[in-house]
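The sequence shown runs -17 to -1, 1 to 413 under mature numbering (1 follows the signal peptide of the UniProt record, and there is no 0).
Note that these hints are calculated values from the structure, not bench results.
Keep in mind that a hint or two might mislead.
Claimed, not checked - Computed list of lysine-lysine pairs in BS3-like fashion (alpha-carbon distance at most 30 Å, straight line):
1) K352 / K12
2) K409 / K174
3) K28 / K12
4) K174 / K350
5) K409 / K352
6) K312 / K409
7) K216 / K174
8) K174 / K312
9) K76 / K28
10) K12 / K216
11) K318 / K12
12) K352 / K318
13) K308 / K6
14) K409 / K308
15) K283 / K312
16) K318 / K6
17) K28 / K136
Claimed, not checked - Cβ pair distances, simulated, as ranges:
18) E224 / G101: 58 to 66 Å
19) E224 / P276: 41 to 49 Å
20) P314 / S259: 22 to 30 Å
21) D298 / K352: 21 to 29 Å
22) P314 / Q26: 35 to 43 Å
23) S129 / A407: 46 to 54 Å
Remember, it's a predicted structure, so these values are computed and weren't measured experimentally.
For every residue, glycine included, the Cβ atom is placed at its ideal position computed from N, Cα and C.
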Amino acid sequence: MLSLLILLLNLTNHAFGQNPAIKAILTNKGLQYASHIGADWMQEKIGSMIIPDVRGGVHIGIGTVNYVLDGISVSGCDVPEPSVEFYEGVGLKAVISGLSISFTGNWHTRFGIITDGGSFDLAVFNVDVASVVQIGSDCSGHISISSENCDAKIDEASINFHGGARYICPVVEEHVTDLERHLAEMQVSFKVNSALVLDVPLTNSPLVDSISLGLDLKGEFYSVQSHTDPPFKAEPFNLPEDNDHMLSLGLSEFTVNSASYAYFSAGLLQAQINDSMIPKTSPFRLNTTSFGPLIPQLPKLFPNMLMELQVYARDVPMFSFQADKVTLKFPGAVKAFAIQPNASWTPLFKLNVDSIFSGVIRISEEKLKGLMELSNFTLTLASSEVGIFQVGFTLNYWCLFVAAKLEEGIVLPTMHHIHLVNPALKIQEV
């Protein structure tokens, strides 16, 4: 019944004292979606529940007739749509009204030396079940859930003496206990690809009010090579509730920039460009001859030689969020080499490329991807082994490099068996 909620809570731990970089809000609409799953879950659990033998005795004036009901099993079950709501300050309250169950089994009686037995069919109608699940954290800091209260009644009367139905609450409580144990054993880091690990412990206890459940998560990416914190901290931010959607997920600049730092520290923000990567139809080739009009002395010093460009970030690229816009400052560099006949590389020059990209972020294939345009570009000659020359010819290569990295995207944190459908993305200034 609580599958969506539990999956939201999955793989979380505490990292108190830190500002969250990811916030999640489960709305009432999302909770009601989970309630649709609840009826099937409850029907499956009730249908497979194990009912112990029932023993007792009935006094009939001249003695006591002892009886045993055994081999009891559920032969039918009709579970109405559950009503689930947030229980402020506690967790969740789920109510099922009008539950009907039928049982079959065997009966045995003994009165002195007289015995009898047979089978029986039992139907229980209009069972009302109310369960309260508390959401909190245990002493080790993991998220925890527990069954605070469960009550089952037939027509306003206790069902303790009517068989069958009194085993519904233990079924609910047993499943909640299993989920709690599962949560306590889960890890708090996800390997999202071959380069990145996402760390998502809770930074505060879950916040439950009358219309939503809120989670604050650390939301920091690390390189798989080393668990190194970036040289910047997460800043506070607010995630507005959107009751038209099931789930709201907010990512701060810190989350995106921690991924950028992880890529940079692992040496992954670089690429090699050679002539084979240039379209054959292009009149410009990556060789010293084509660079002659730009650097006249180059083909004289290194005639008819292929070239190779090493394009890389010389510092951490940083994202910033403004209203409906994302800005990326990318401090980069380009090193050029001549390829000698013996395949050795001779350094030619180094350019510093400082660029600012502006654009939008979109969600595609459950990844956060960027679509940006160059808004500012500064190219300076950092060093040269071929003398001084005018710069300004690597713009296309640089834009293609940055665009390719943005198109790779960052995997969004999602839960098992839950996928985003018709996501709506908004960019806000902190």
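Tested hints:
1. For the hint linking K352 to K12, the alpha-carbon distance of about 27 Å falls within 30 Å, and the restraint holds.
2. For the proposed pair K409 and K174, the alpha carbon gap of about 26 Å is at most 30 Å, so the pair holds.
3. For a cut-off of 30 Å, the pair hint linking K28 to K12 stands: about 25 Å separates their Cα positions.
4. Between K174 and K350 the CA atoms are separated by roughly 14 Å; this keeps the pair inside 30 Å, and the hint holds.
5. Restraint check: the Cα-Cα separation between K409 and K352 comes to about 13 Å, which is no more than 30 Å; the hinted pair holds.
6. The suggested pairing of K312 with K409 holds, with an alpha-carbon distance near 21 Å, which does not exceed 30 Å.
7. Taken as a hint, the K216 and K174 pair is honoured in the structure, with Cα atoms around 22 Å apart against an allowance of 30 Å.
8. Taking the CA atoms of K174 and K312, the gap is about 27 Å. The hint holds against a cut of 30 Å.
9. Restraint check: the Cα-Cα separation between K76 and K28 comes to about 19 Å, which is no more than 30 Å; the hinted pair holds.
10. Proximity of K12 to K216 is assessed by CA-CA distance (about 33 Å); at most 30 Å being required, the pair is judged violated.
11. Between K318 and K12, the direct Cα distance comes to roughly 54 Å. Violation of the 30 Å bound is thereby established for this hinted pair.
12. The hinted pair formed by K352 and K318 meets the criterion: a straight-line CA distance of about 27 Å does not exceed 30 Å.
13. At roughly 20 Å between alpha-carbon atoms, K308 and K6 fall within 30 Å of each other, so this suggested pair holds.
14. For the proposed pair K409 and K308, the alpha carbon gap of about 9 Å is at most 30 Å, so the pair holds.
15. Under the criterion of a C-alpha separation no larger than 30 Å, the hint pairing K283 with K312 is inconsistent with the structure, at around 37 Å.
16. Under the criterion of a C-alpha separation no larger than 30 Å, the hint pairing K318 with K6 is inconsistent with the structure, at around 41 Å.
17. For the suggested pair K28 and K136, the alpha carbons sit about 18 Å apart, so the restraint of at most 30 Å is met.
18. Our hint of 58 to 66 Å for E224 and G101 holds, since their Cβ atoms are close to 59 Å apart.
19. A beta carbon spacing of about 59 Å between E224 and P276 contradicts the range 41 to 49 Å that was offered as a hint.
20. A C-beta distance of roughly 28 Å is found between P314 and S259, which places it inside the suggested range of 22 to 30 Å.
21. For the pair D298 and K352, the supplied restraint of 21 to 29 Å holds, since their beta-carbon distance comes to about 23 Å.
22. Separation of P314 from Q26 is about 59 Å and departs from the stated range, judged on CB atoms against 35 to 43 Å.
23. About 34 Å separates the C-beta atoms of S129 and A407, a value inconsistent with the hinted range of 46 to 54 Å.
In summary, the structure is inconsistent with hints 10, 11, 15, 16, 19, 22, 23 from the numbered list given earlier, while agreeing with the others.
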